[in-house]
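Enquirer: Just so you know, the protein sequences line up as chains A and B, in that order. In terms of the numbering used here, the first sequence opens at residue 1 and continues consecutively. In terms of the numbering used here, the second sequence opens at residue 1 and continues consecutively.
Note that these hints are calculated values from the structure, not bench results. Among the hints, erroneous ones may be present.
Given that identical chains are not distinguished, each listed pair holds provided it fits within a single copy or across any two copies.
Stated by the list, open to error - Calculated pairs, DSS-like style, for lysine-lysine (alpha carbon to alpha carbon, straight line, at most 27 Å):
# : residue 1 : residue 2
1 : Lys121    : Lys200
2 : Lys121    : Lys282
3 : Lys92     : Lys139
4 : Lys139    : Lys78
5 : Lys92     : Lys147
6 : Lys121    : Lys191
7 : Lys191    : Lys282
8 : Lys78     : Lys191
Number of protein chains: 2
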Amino acid sequence: MRGEFDFINYIKERHKLKAIGDDCSVIPTDGLTDQLFTVDLLIENVDFRLDWTTPSFLGHKALAVSLSDVAAMGGTPKFALLSLGLPDSLWKTSFLDEFYEGWHSLAGTYGVELAGGDISKAGELVIDSFVIGEVPRGKALLRSGAKPGDLIFVTGELGGASLGLSLLENGMRPGDELADFHRDAILRQLKPTPQVAIGKSLLENQLATSAIDLSDGISSDLFHICQASNVGAILDASNLPIAKEATLEMALNGGEDFELLFTVPPERRLNAQQLGCTEVGKIADNSDGIRVQIDSETRPLVPRGFEHFRRQQRGDRGDP
Amino acid sequence: MRGEFDFINYIKERHKLKAIGDDCSVIPTDGLTDQLFTVDLLIENVDFRLDWTTPSFLGHKALAVSLSDVAAMGGTPKFALLSLGLPDSLWKTSFLDEFYEGWHSLAGTYGVELAGGDISKAGELVIDSFVIGEVPRGKALLRSGAKPGDLIFVTGELGGASLGLSLLENGMRPGDELADFHRDAILRQLKPTPQVAIGKSLLENQLATSAIDLSDGISSDLFHICQASNVGAILDASNLPIAKEATLEMALNGGEDFELLFTVPPERRLNAQQLGCTEVGKIADNSDGIRVQIDSETRPLVPRGFEHFRRQQRGDRGDP
Numbered sequence: 001m002r003g004e005f006d007f008i009n010y011i012k013e014r015h016k017l018k019a020i021g022d023d024c025s026v027i028p029t030d031g032l033t034d035q036l037f038t039v040d041l042l043i044e045n046v047d048f049r050l051d052w053t054t055p056s057f058l059g060h061k062a063l064a065v066s067l068s069d070v071a072a073m074g075g076t077p078k079f080a081l082l083s084l085g086l087p088d089s090l091w092k093t094s095f096l097d098e099f100y101e102g103w104h105s106l107a108g109t110y111g112v113e114l115a116g117g118d119i120s121k122a123g124e125l126v127i128d129s130f131v132i133g134e135v136p137r138g139k140a141l142l143r144s145g146a147k148p149g150d151l152i153f154v155t156g157e158l159g160g161a162s163l164g165l166s167l168l169e170n171g172m173r174p175g176d177e178l179a180d181f182h183r184d185a186i187l188r189q190l191k192p193t194p195q196v197a198i199g200k201s202l203l204e205n206q207l208a209t210s211a212i213d214l215s216d217g218i219s220s221d222l223f224h225i226c227q228a229s230n231v232g233a234i235l236d237a238s239n240l241p242i243a244k245e246a247t248l249e250m251a252l253n254g255g256e257d258f259e260l261l262f263t264v265p266p267e268r269r270l271n272a273q274q275l276g277c278t279e280v281g282k283i284a285d286n287s288d289g290i291r292v293q294i295d296s297e298t299r300p301l302v303p304r305g306f307e308h309f310r311r312q313q314r315g316d317r318g319d320p
Numbered sequence: 001m002r003g004e005f006d007f008i009n010y011i012k013e014r015h016k017l018k019a020i021g022d023d024c025s026v027i028p029t030d031g032l033t034d035q036l037f038t039v040d041l042l043i044e045n046v047d048f049r050l051d052w053t054t055p056s057f058l059g060h061k062a063l064a065v066s067l068s069d070v071a072a073m074g075g076t077p078k079f080a081l082l083s084l085g086l087p088d089s090l091w092k093t094s095f096l097d098e099f100y101e102g103w104h105s106l107a108g109t110y111g112v113e114l115a116g117g118d119i120s121k122a123g124e125l126v127i128d129s130f131v132i133g134e135v136p137r138g139k140a141l142l143r144s145g146a147k148p149g150d151l152i153f154v155t156g157e158l159g160g161a162s163l164g165l166s167l168l169e170n171g172m173r174p175g176d177e178l179a180d181f182h183r184d185a186i187l188r189q190l191k192p193t194p195q196v197a198i199g200k201s202l203l204e205n206q207l208a209t210s211a212i213d214l215s216d217g218i219s220s221d222l223f224h225i226c227q228a229s230n231v232g233a234i235l236d237a238s239n240l241p242i243a244k245e246a247t248l249e250m251a252l253n254g255g256e257d258f259e260l261l262f263t264v265p266p267e268r269r270l271n272a273q274q275l276g277c278t279e280v281g282k283i284a285d286n287s288d289g290i291r292v293q294i295d296s297e298t299r300p301l302v303p304r305g306f307e308h309f310r311r312q313q314r315g316d317r318g319d320p
């Protein structure tokens, strides 16, 4: 059985699609600007649970995940469209008003204008978020530019969203009395912050040779970079900026941190550090494969991040 | 209880949205071109039934409904993004391949490029279709330009899609041995044709003062034109081009014909006729209200077209 990413590749080749394969598709408009298009579909009880979050957090997250895709390309988000499939029961409550308050509060921060949408009745809550951004012509950060010898950097901390998910699964809720780092982890899961400013800074300073957002988990997202760039990589587990109380497994395979991973030429190391980013490894030759060094042992890094539809299991999730 | 259209108006005012209110939102890009954005959400067992259609027809329709919105603005469709929420059971079949074949077959007709999308697992099939089109700057056909005295025209025939729906509800299927006009009606419902060429022609010839696509039903769609243009209208039922075996009720209140309704100044009547369109009424003063003449009787035309969420019922559906 093919997996989700296999199918996307198949459709791309079958129908000769050129624009697909990065966090956003890149479409030239005029001589000065390229447009970025991205879309994220969130389905109740698959991508979120209503009893774990608030309508306002959900509105925030629906937009944040798409803004994160624009950030990964170094772009400036401009417009958004929002489709909602709504169960009858929610139509009769203040859900939509609170949802839009959360959505618009984040949109206002980045000057994003709501430019349309659609509403349908549905059995389960469905949210589809389209965002249109822009970059200077030909300057979008792609997944395909990493070169052997480039250094791998990440923004922020990893594993927090995965820890937050695990706390939610264990019954903690954002409204509970919680320790600060538990609250942080839960908010990281429910109300993530897209790294738009750092993405733009990478582009403006021509710092990154490639970039991606950490939505599926670093093991999968680094795999995407290596595949697109036709390179290998070695990740240093001891350097990963792991969120407090999160595990290495969460940092490697937990998704939804919505930080950025990017590669820089070695002579630009200082510039990346000055942005507050953390060096976590190095790009290698394709023949070296993708590996992670844990303590003194080096082993293959298998992409175990989130996929909605997996191919035949290659082994249990668990150790990296 | 507010209805779907009330809520959209509320959101528009609450968040000071300017771009929303037509079939597409209109966003200026450079000095020569405006972009059109539109999105249509289709939910299993609300907007379609899998046992009534084929995966290929469904792929066709998912794109056609959005192309129809671009057509209503006189635009040229350029790019599309497609989000799919998919039950596990469908992932394991050839559903997606056939769905994309239907989608791409229609996309190819209009030179539309698939520029991205998202796939998630879902309990019921969810399709969200996003299309980007363009028009010459400032030339998009809007709902708001109708003037008292303008003539009302429609393309094609009305009520066929509603008849098709009724035949499907009564057990007929597209694969059955059917009379030609039954097959036509069912295909009108399952595989509609967007009126892109006529929309472009209206724009290029500066023929229409306003336009909309007939997605909800003419009683509702004419109501949208009158509301946006601050005018009234009188519809002549005897002139409606009703599809074979369809009823006046189907033509007035049945949705999904995806024909265009547009208004032209009286001196352009001949040009509209030369496009093969049918004159069905006249724009009146706002104070005249929206009325329909049936035989010798004139009565108010109540918008009884499709809404996913209705406000407090104003009476049963049935007679116009």
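Enquirer: What are the numbers of the hints that this structure violates, sorted from low to high?
Expert: Hints 1, 2, 3, 5, 7 not satisfied by this model.
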